[in-house]
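Number of protein chains: 2
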Amino acid sequence: MKKLINDPKHVVDEAVAGFAAAHADIVRASTDPVYVVRTDAPQAGKVGIVSGGGSGHEPLHAGFVGYGMLDAAVPGAVFTSPTPDPIVAATKAVDGGAGVLHIVKNYTGDVLNFETAAELAAADGVEVRSMIVNDDVAVQDSLYTAGRRGVAGTVLVEKIAGAAAQRGDSLDEVTAVAERVNANVRSMGVALTPCVVPHAGEPSFTLAEDEIEIGIGIHGEPGREKIKLESADLIVERLLGPIIDDVPFSSGDQVLLLVNGMGGTPQVELYIAYRHAAEVLRGKGIDVVRSLVGNYTTSLEMQGMSLSVLKLDSELTELWDAPVQTAALRWGR
Amino acid sequence: MKKLINDPKHVVDEAVAGFAAAHADIVRASTDPVYVVRTDAPQAGKVGIVSGGGSGHEPLHAGFVGYGMLDAAVPGAVFTSPTPDPIVAATKAVDGGAGVLHIVKNYTGDVLNFETAAELAAADGVEVRSMIVNDDVAVQDSLYTAGRRGVAGTVLVEKIAGAAAQRGDSLDEVTAVAERVNANVRSMGVALTPCVVPHAGEPSFTLAEDEIEIGIGIHGEPGREKIKLESADLIVERLLGPIIDDVPFSSGDQVLLLVNGMGGTPQVELYIAYRHAAEVLRGKGIDVVRSLVGNYTTSLEMQGMSLSVLKLDSELTELWDAPVQTAALRWGR
Numbered sequence: 248m249k250k251l252i253n254d255p256k257h258v259v260d261e262a263v264a265g266f267a268a269a270h271a272d273i274v275r276a277s278t279d280p281v282y283v284v285r286t287d288a289p290q291a292g293k294v295g296i297v298s299g300g301g302s303g304h305e306p307l308h309a310g311f312v313g314y315g316m317l318d319a320a321v322p323g324a325v326f327t328s329p330t331p332d333p334i335v336a337a338t339k340a341v342d343g344g345a346g347v348l349h350i351v352k353n354y355t356g357d358v359l360n361f362e363t364a365a366e367l368a369a370a371d372g373v374e375v376r377s378m379i380v381n382d383d384v385a386v387q388d389s390l391y392t393a394g395r396r397g398v399a400g401t402v403l404v405e406k407i408a409g410a411a412a413q414r415g416d417s418l419d420e421v422t423a424v425a426e427r428v429n430a431n432v433r434s435m436g437v438a439l440t441p442c443v444v445p446h447a448g449e450p451s452f453t454l455a456e457d458e459i460e461i462g463i464g465i466h467g468e469p470g471r472e473k474i475k476l477e478s479a480d481l482i483v484e485r486l487l488g489p490i491i492d493d494v495p496f497s498s499g500d501q502v503l504l505l506v507n508g509m510g511g512t513p514q515v516e517l518y519i520a521y522r523h524a525a526e527v528l529r530g531k532g533i534d535v536v537r538s539l540v541g542n543y544t545t546s547l548e549m550q551g552m553s554l555s556v557l558k559l560d561s562e563l564t565e566l567w568d569a570p571v572q573t574a575a576l577r578w579g580r
Numbered sequence: 248m249k250k251l252i253n254d255p256k257h258v259v260d261e262a263v264a265g266f267a268a269a270h271a272d273i274v275r276a277s278t279d280p281v282y283v284v285r286t287d288a289p290q291a292g293k294v295g296i297v298s299g300g301g302s303g304h305e306p307l308h309a310g311f312v313g314y315g316m317l318d319a320a321v322p323g324a325v326f327t328s329p330t331p332d333p334i335v336a337a338t339k340a341v342d343g344g345a346g347v348l349h350i351v352k353n354y355t356g357d358v359l360n361f362e363t364a365a366e367l368a369a370a371d372g373v374e375v376r377s378m379i380v381n382d383d384v385a386v387q388d389s390l391y392t393a394g395r396r397g398v399a400g401t402v403l404v405e406k407i408a409g410a411a412a413q414r415g416d417s418l419d420e421v422t423a424v425a426e427r428v429n430a431n432v433r434s435m436g437v438a439l440t441p442c443v444v445p446h447a448g449e450p451s452f453t454l455a456e457d458e459i460e461i462g463i464g465i466h467g468e469p470g471r472e473k474i475k476l477e478s479a480d481l482i483v484e485r486l487l488g489p490i491i492d493d494v495p496f497s498s499g500d501q502v503l504l505l506v507n508g509m510g511g512t513p514q515v516e517l518y519i520a521y522r523h524a525a526e527v528l529r530g531k532g533i534d535v536v537r538s539l540v541g542n543y544t545t546s547l548e549m550q551g552m553s554l555s556v557l558k559l560d561s562e563l564t565e566l567w568d569a570p571v572q573t574a575a576l577r578w579g580r
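As given, the protein sequences belong to chains F and P, one line each in that order.
Everything in the first sequence is counted per our numbering, starting at 248 for the first residue and increasing by one.
Everything in the second sequence is counted per our numbering, starting at 248 for the first residue and increasing by one.
Looking at chain F on its own, in the form it has when it is part of the complex:
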């Protein structure tokens, strides 16, 4: 498999260095241990927000570090949780005295390492809260997860909690907002092709030439079923059904619809999916009032997408609309 890399061992280091160089107006990188942090951290009196996880899902999480969103991101090796050490360092680097929230996707490695880091940081006097994102309705337990997986809904949690922290909410309030987003967002994905972890050098799973996987995880973990390729509209309906039934979403709801590319999907395909997803929701009386379409939580070069639907209320909408200035999401500044 062909990749635009140097040594597979240095993929993350070099990507982080390039990222920090390209976005030096927004972030700086620490190299030992590795994390990415707002240039203006810590902000005195502001709650800090740290997220992280295995690399390979970019722009998640480093692409969301900046004004109005994350204060720091901790990238592990590709598809591998970061160890506690850089998480502790990032936590201390963003503590402005108002405490720090850890936003953690529900993978066993991430949960354990963030838990250990939170204890270590607390022992050093930082007040830490943690919340777990588990928005994926596809499967109950999974290859790397007890309970539901955290997937693209994480971006919405990070944006909205980040806006709450930026306006000056307390640690308890920011944590509550993050939990509220998680409680109201559901996601499900599909893969058309597998992805290739650089140091493995071969596809992380296989799909036949006419086969897709419904409910795929963002590391290629098994989903609900492998089926024959079908039309985009039918695939959209397969993903939206379980999402709508779960919260449940119902007529009169106002929602944000995220069509997330897995990394290798052409934009035209994401918009074809958006078109029908919005149609299906409208048909059920569910009003799409905010949208996000693009590569936000990827699985390297995987072709496929996920749909996420978040039930909005006036406060969540206001926080979504609030100014943000990161490498991957930017408006109002």
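None of these hints come from the bench; they were simulated from the model.
Just to be clear, a hint being listed does not mean it is correct.
Heads up, the list lumps identical chains together, so a pair's fine if it works in one copy or across two of them.
[Stated by the list, open to error] Using 20 Å as the maximum straight-line C-alpha spacing, the simulated SDA-like pairs for lysine to any residue come out as follows:
| id | residue 1 | residue 2 |
| --- | --- | --- |
| 1 | K249 | L481 |
| 2 | K249 | F452 |
| 3 | K473 | V443 |
| 4 | K249 | D480 |
| 5 | K249 | V443 |
| 6 | K249 | D457 |
| 7 | K249 | P450 |
| 8 | K249 | S451 |
| 9 | K249 | L454 |
| 10 | K531 | D493 |
| 11 | K339 | L367 |
| 12 | K249 | E472 |
| 13 | K249 | T453 |
| 14 | K256 | D480 |
| 15 | K249 | I474 |
| 16 | K249 | A447 |
| 17 | K475 | P255 |
| 18 | K256 | S478 |
| 19 | K475 | N253 |
Quick caveat: nothing in here was measured; it's all calculated off a predicted structure.
Please arrange chain P on chain F, whose structure you already have, making use of the hints.
What follows is chain P alone, placed relative to chain F:
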């Protein structure tokens, strides 16, 4: 080959409909003929800017319609120039009395169809200027082009000319700025994998498992040479050399560096390339003062990237930094 589509014949229609629905705050779509236009067009007294070309390069061009950039974009079928009819309609839709600039990538079909459209619009009383983008240093003539091809540098032309139009420059002034960007930007690309045009259903060219193509065009047109896969750093040097020698760029120059993904390249790989490209430029005394990294001029799901370097001066920098609000580029608003 697997694609997330319905009928190959409706890829563009459905994608445009989805795009307009997702970004209804910024654009609306005309369906017959097909074009995408700012919701607030025409702007009285402002020069209108129209671009377009074959689909499959998204976000180019519709993703750049909005405040401070394009007034309208005209998408043809995938990798196929739009006909004059929608170009004329889009031109009239954005004419606020100050004339309209056509920004045209140098492909024979685009050049001819925009030329005809300009004549027809002029016959109907719209003052039209045209400028041709030809930033690709890879080859002199190509499969669909006499002279150099227009590639990712087009994004920089559109952003900077768009800012000039937005601040109230005249048609002559906006055209001159666009020409100045084109004169100062050079690009070159590489493909690791081919792309698949939906209605063709098979790869537009072939590359062996260990082979890449240096100087590839954005439709998979032949480049300079097929070589064995090598390290990202060596590939970056192969692309940057001809770019630097061409303008030429020299010590003391301040530049914008664009690392453009071709659609299927993981973000970590783009940042690995950015890191070394910035290093090489710095080593020559060329100062990277602005950056853009991501999928901006794609070739469907092609894996690969292009590098573009634009020599800045204080006016071009100011216009680059000016507020923009489009689906794909947004800051300052």
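Hint check:
no. : hint        : in the structure
1   : K249 - L481 : between (32 Å within a copy, 14 Å between copies)
2   : K249 - F452 : both (17 Å within a copy, 16 Å between copies)
3   : K473 - V443 : within (19 Å within a copy, 23 Å between copies)
4   : K249 - D480 : between (32 Å within a copy, 14 Å between copies)
5   : K249 - V443 : both (9 Å within a copy, 17 Å between copies)
6   : K249 - D457 : between (22 Å within a copy, 7 Å between copies)
7   : K249 - P450 : both (11 Å within a copy, 16 Å between copies)
8   : K249 - S451 : both (14 Å within a copy, 18 Å between copies)
9   : K249 - L454 : both (18 Å within a copy, 11 Å between copies)
10  : K531 - D493 : within (14 Å within a copy, 57 Å between copies)
11  : K339 - L367 : within (10 Å within a copy, 64 Å between copies)
12  : K249 - E472 : between (28 Å within a copy, 17 Å between copies)
13  : K249 - T453 : both (17 Å within a copy, 14 Å between copies)
14  : K256 - D480 : between (40 Å within a copy, 15 Å between copies)
15  : K249 - I474 : between (27 Å within a copy, 13 Å between copies)
16  : K249 - A447 : within (12 Å within a copy, 24 Å between copies)
17  : K475 - P255 : between (34 Å within a copy, 18 Å between copies)
18  : K256 - S478 : between (39 Å within a copy, 13 Å between copies)
19  : K475 - N253 : between (36 Å within a copy, 14 Å between copies)
Figure legend: structure checked against the earlier numbered hints; every hint is met.
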